[in-house]
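K.L.:
Here is how the chains run, residue by residue.
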Amino acid sequence: MRNWFSDSISARAAVIVVLSLAATSVLGQAPAYRAPRTADGKPDVNGIWQALNSANWDVQGHAAAIGPAPLLGAVFAKPPGLGVVEGEEIPYLPAAAAKKKENQANWVMRDPEVKCYLPGVPRATYLPYPFQIVQSQKVITIAYEYAGAVRVINMEAPTKAPAESWMGWSNGHWEGDTLVVDVTSQNENTWFDRAGNFHSDALHVVERYTPRSAETLNYEAIIEDPKVFSRPWKIGMPLYRRVEKNARLLEFRCVEFAEEVLYGHLRKKPGN
Amino acid sequence: MSHRVIASTAALAAVVVVLLLAQAPVVGQAPSPTAKAPTAGKVWTPPRTPGGEPDLQGIWGNGTLTPFERPKGLGTKEFYTDQEFAELARRVRQGDVGEEGNLGAAAGQTLRYDLSLYGFDLTKARFASNKRTSLIVGPDGVVPPMLPEAIKRNADRAAKNKGHEFDGYENRPLQERCILMGQERLPMIPPVNDNNLLQITQAPGSVAMLHETNHHTRVIPTDGRPHISQNIRQWQGDSVGRWEGNTLVVDTTNFTALTANFRGSSEKLHLVERFTRVSDDTIIYQFTVEDPTTWAKPWTAEIPMTKSEGPIYEWACHEGNTMISTILRGARVAEEDAAHKTAK
Numbered sequence: 001m002r003n004w005f006s007d008s009i010s011a012r013a014a015v016i017v018v019l020s021l022a023a024t025s026v027l028g029q030a031p032a033y034r035a036p037r038t039a040d041g042k043p044d045v046n047g048i049w050q051a052l053n054s055a056n057w058d059v060q061g062h063a064a065a066i067g068p069a070p071l072l073g074a075v076f077a078k079p080p081g082l083g084v085v086e087g088e089e090i091p092y093l094p095a096a097a098a099k100k101k102e103n104q105a106n107w108v109m110r111d112p113e114v115k116c117y118l119p120g121v122p123r124a125t126y127l128p129y130p131f132q133i134v135q136s137q138k139v140i141t142i143a144y145e146y147a148g149a150v151r152v153i154n155m156e157a158p159t160k161a162p163a164e165s166w167m168g169w170s171n172g173h174w175e176g177d178t179l180v181v182d183v184t185s186q187n188e189n190t191w192f193d194r195a196g197n198f199h200s201d202a203l204h205v206v207e208r209y210t211p212r213s214a215e216t217l218n219y220e221a222i223i224e225d226p227k228v229f230s231r232p233w234k235i236g237m238p239l240y241r242r243v244e245k246n247a248r249l250l251e252f253r254c255v256e257f258a259e260e261v262l263y264g265h266l267r268k269k270p271g272n
Numbered sequence: 001m002s003h004r005v006i007a008s009t010a011a012l013a014a015v016v017v018v019l020l021l022a023q024a025p026v027v028g029q030a031p032s033p034t035a036k037a038p039t040a041g042k043v044w045t046p047p048r049t050p051g052g053e054p055d056l057q058g059i060w061g062n063g064t065l066t067p068f069e070r071p072k073g074l075g076t077k078e079f080y081t082d083q084e085f086a087e088l089a090r091r092v093r094q095g096d097v098g099e100e101g102n103l104g105a106a107a108g109q110t111l112r113y114d115l116s117l118y119g120f121d122l123t124k125a126r127f128a129s130n131k132r133t134s135l136i137v138g139p140d141g142v143v144p145p146m147l148p149e150a151i152k153r154n155a156d157r158a159a160k161n162k163g164h165e166f167d168g169y170e171n172r173p174l175q176e177r178c179i180l181m182g183q184e185r186l187p188m189i190p191p192v193n194d195n196n197l198l199q200i201t202q203a204p205g206s207v208a209m210l211h212e213t214n215h216h217t218r219v220i221p222t223d224g225r226p227h228i229s230q231n232i233r234q235w236q237g238d239s240v241g242r243w244e245g246n247t248l249v250v251d252t253t254n255f256t257a258l259t260a261n262f263r264g265s266s267e268k269l270h271l272v273e274r275f276t277r278v279s280d281d282t283i284i285y286q287f288t289v290e291d292p293t294t295w296a297k298p299w300t301a302e303i304p305m306t307k308s309e310g311p312i313y314e315w316a317c318h319e320g321n322t323m324i325s326t327i328l329r330g331a332r333v334a335e336e337d338a339a340h341k342t343a344k
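In the order they appear, the protein sequences are chains G and B.
The first sequence begins at 1 in the working numbering and counts up by one.
The second sequence begins at 1 in the working numbering and counts up by one.
Chain G with its partners taken away, still in its complex shape:
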């Protein structure tokens, strides 16, 4: 039992290594770019960044479609997207594939984004809102505009999560120009997108942030969850710097926009 377990872990580790190597060749097409350094000599990934794709609608490739509010016409239609999953397919186990379909059919009822819940990783990265990396030596703080979500990445010796959480537990280190972040202990309540793609509490994400030009980063995340997927899989996308002169994160405290969905049915009825 014990052997099988450790074998399976090292097998998965091996797959991750292979995927990582493959990733370098796919997304590292830009000629080797050397990022500017911080005062302590690390690649500088400070700044306000944002994804520019429709992965939050569906991490897989998708055609444009009618939106959830048909009366609003083109305004809230679903935009098309090429997809960010390497190899296109998400390797769901059979039961999980069925649940994904069910999630998709009940999207508005089930998507934690509709309720303004914390987004988890990696979804936080490609929500259609900017996020800011504040890079220090012992920690790197990432603040997200959406729901005021935040993570503090430990850059010292890796530590174990004290508890499960929505945003998980992040240990980071540098590999050359790449910031590698290992994320564990996320709860099972977050999703990957508005298409019902989901995970369990066994989710393990390894993120890689690599500067590819002064204004762009390559972002990759290897996603592993033996309760839901038959093997690790990977997403990748560029992130763009918000270069506006006065750029900053604004408040998107979306609780107040989700309360009607959550509590509107409990409002006092007229005449009572």
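Check before you lean on any hint, since a few could be wrong.
To be verified - Keeping only pairs whose Cα atoms sit at most 30 Å apart, straight-line, the calculated DSBU-like set for lysine-lysine is: (1) B/Lys268 with G/Lys269; (2) B/Lys160 with B/Lys307; (3) B/Lys268 with G/Lys245; (4) B/Lys297 with B/Lys160.
Unchecked claim - Computed, partial: chain B to chain G, Cβ under 7 Å: (5) Pro50; (6) Gln202; (7) Leu210; (8) Gln234.
In short, the hints are calculated from the structure, not lab data.
Nothing here was measured: the structure is a model prediction, and the numbers come from that model.
All C-beta atoms in this analysis are idealised placements derived from N, C-alpha and C, irrespective of residue type, glycine included.
For chain G, the structure is supplied; the task is to place chain B on it using the hints.
P.N.:
Same frame as chain G, now just chain B:
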């Protein structure tokens, strides 16, 4: 979770009141001649970041037993003497009988909570290390009286909600709704000993301040960029910072008219905060607020923040909020019951 957190906040608020009431006589009993302002006159060079800025980084707690406003019996006395302060600390450590008795009664009867579950330990509570008699500085030691227009503004807001408190979620307090909770609000006013952590991360051009409470995070630009347009109003305003010597000065405007912001102030609230590291384990947090629609003059408070061990746990209030739906459902059931009785 949020239910417990909110309940615990309310419980602790009550405890604070009890402690402060208990404290006044204790304070009066400890006269001593050698008063000293501990933050003045000491030269200490703070550590620097690799980028050369004063290093304020780490996790800091601002919990304190020192009252916001000065107890009446102390008049214009701003500082305790070393001897007075030592005596206060000794009594707290030993769990002064009077205080403990009050706390016990509060915990057992009024509050119905086992406060130890919330990490409340009187022997770990402390008076502010700056030895101030109140967090508000100056001879008055109290909040200036509110201007008549501000009294009216706040009364009108309360009157508008009166009788509708249970109509819908929008009638409930922001804290219950997990939109804006006590210890995440600006300026930062300390509780006694929980929900009081702040994690500071610095990078060239920006400082991130993560509040334990409700994971509120301010990323403050320090590269000279101006405030956002005055047309953009936010719950927590808009903060810009700059370094003045060893002090981080943070200027916040753009507050909203949707809530009373800080102590009944309007959207005209202007907040200036100063963070100065005065020793390895202490940052002095000083703030000045002005709002010509609320107070006749600006006023200032000073609160020491003490280095604390991490980590800060995630505070997911909204995600676990069952309070709003429970309260509203209860109100609807009560209305239906009343309607049935009337029908009979």
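K.L.:
If any of the earlier hints don't hold here, list their numbers in rising order.
P.N.:
1, 2
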